[in-house]
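In the order they appear, the protein sequences are chains X and W. First residue of the first sequence: 6, per the working numbering; consecutive thereafter. First residue of the second sequence: -10, per the working numbering; consecutive thereafter.
You can take every hint at face value.
Here are the computed lysine to any residue pairs in the SDA-like style, where the Cα-Cα straight-line distance is at most 25 Å:
(1) K144/X / L75/W
(2) K3/W / S82/X
(3) K144/X / K3/W
(4) K98/X / A2/W
(5) K3/W / Q99/X
Computed footprint of chain W on chain X; a stretch qualifies when at least three of its residues, placed anywhere within it, have a C-beta under 8 Å from a C-beta of chain W:
(6) 83 to 91
(7) 147 to 158
Sample of chain X residues at the chain W side, in silico, Cβ under 7 Å:
(8) R8
(9) G56
(10) L58
(11) N111
(12) R178
(13) G220
Everything labelled a hint here was simulated from the structure, so no lab data went into it. In this text, all values refer to a predicted model and were calculated from it rather than measured experimentally. For glycine and all other residues, C-beta sits at the position ideal for the given N, C-alpha and C.
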Amino acid sequence: MERPYTLVAELTYRCPLRCPYCANPTNYREHSEELSTEVWCDVLDQARDLGVLQLHLTGGEPLARRDLERLVAHARSRELYVNLITSGIPLTKQRLTALRDAGLDNVQVSVQDAVRESADEIAGYAGFEQKLEVMRWVKELSLPLTMNVVLHRRNLDNVGAIIALAESLSVDRLELANTQYLGWALPNRDALMPTREALVSAHKVAMAAAERLRGKMEVLFVIPDYHARHPRPCMDGWARRFLHIMPNGIVLPCHAAVSIPGLVHERVPARTLQWIWEESQAFNAFRGEDWMKEPCKSCDRREIDFGGCRCQALQLTGDATATDPACNRAPDHGLVQLARQAAQADTGARRYLYRGARVP
Amino acid sequence: MAASLAARYRIAAKARLVYDRARDRHILLYPERGLELNPVAHAILSHLDGETPVGKVVATLAARFDHVPPPELERDVLSFLTQLELRGLVQAVE
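This is chain X alone, in the form it adopts within the complex:
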């Protein structure tokens, strides 16, 4: 059996931002209880013993945890590579210095757009200026800086300006990640999904920048699966490389898997990580190929994209074992084609359902 390589630790679901594409589950309030510092430290020890080398501290907003410095120090003492995924709010330079001194390896700051007005409207929070300040501090403290921008209908035309902003801040790695329609993004799909033309043109701008900035800034453009021919190899395959832990200790193969009915949710500290990884029903549900139906079962790409995303298959077709409808060989590919056609229609401004609002 493969060993996990990356642990995504969602420390809390508290967050001042209200992004309409938030990857947290829409029922996150039902999972808002939080593990103690001691349990997290023990979980980090177990993860390292199991083979984990990369740690992402995320949320919600991980800065909301007052023990973040202690968790970073503990992770670093176990030689984990510690990446902080943050909105940068709330943060002072003093606290960032303490986090660096505790052993933080990389800081990833989310930015919603290239200009304040639009960025703050997308985030549902006036935080743009503070984010720029935080990114300057990261560089002043000699920490590697990743800037992550989720792309969608509202900011895709600004990719050139977003790249220029990243350059002006001496960002080391720029992730231009097109929205994945899970979590809050699914009820917001009409408001977020771009036209094909906007996507193609932004992709060209990003590729030219990647070439021009080679060796200076890494530019990554993640093609959205709704517009690709093949589904994305979700999590590099179910329970192959990733461990995901929710604030309340539920351990899953991916952040959205809590939405799949029928999975038995095992938790730390009641169970060991090793038992959950190796033996639990949830981790074995879609591991390997036995669960596959046609056309995945005999597909020549089944070891490349693993049938795509189980959560997306469930949310679009009602069946988590279906071929991901993003795949052009999927029986339900028409569902994705319909969404694409709807995005082509110009219906003017589309309202967001912000994270935290009541889901209809």
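With chain X's structure known, arrange chain W on it following the hints.
Then chain W, alone, in the frame of chain X:
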């Protein structure tokens, strides 16, 4: 940008050399990824202190990996460092 025998290198701030106990291998970790290292690659990286010239690193390795002909070892070290510098994983010290 090609490595030379006189240059001095160190591992970049964003990268860290770690022993992966669970899989019994050495790995260079950096954001989101890791580079699995064979024994020679690991030996090269563990000798980068920002002070020792590459030529001296090659000489030290030649004694340990005596089954590799020295010109071949020198070529391997230089090309490995050139690749890693392009990926921003090692830095030449001025």
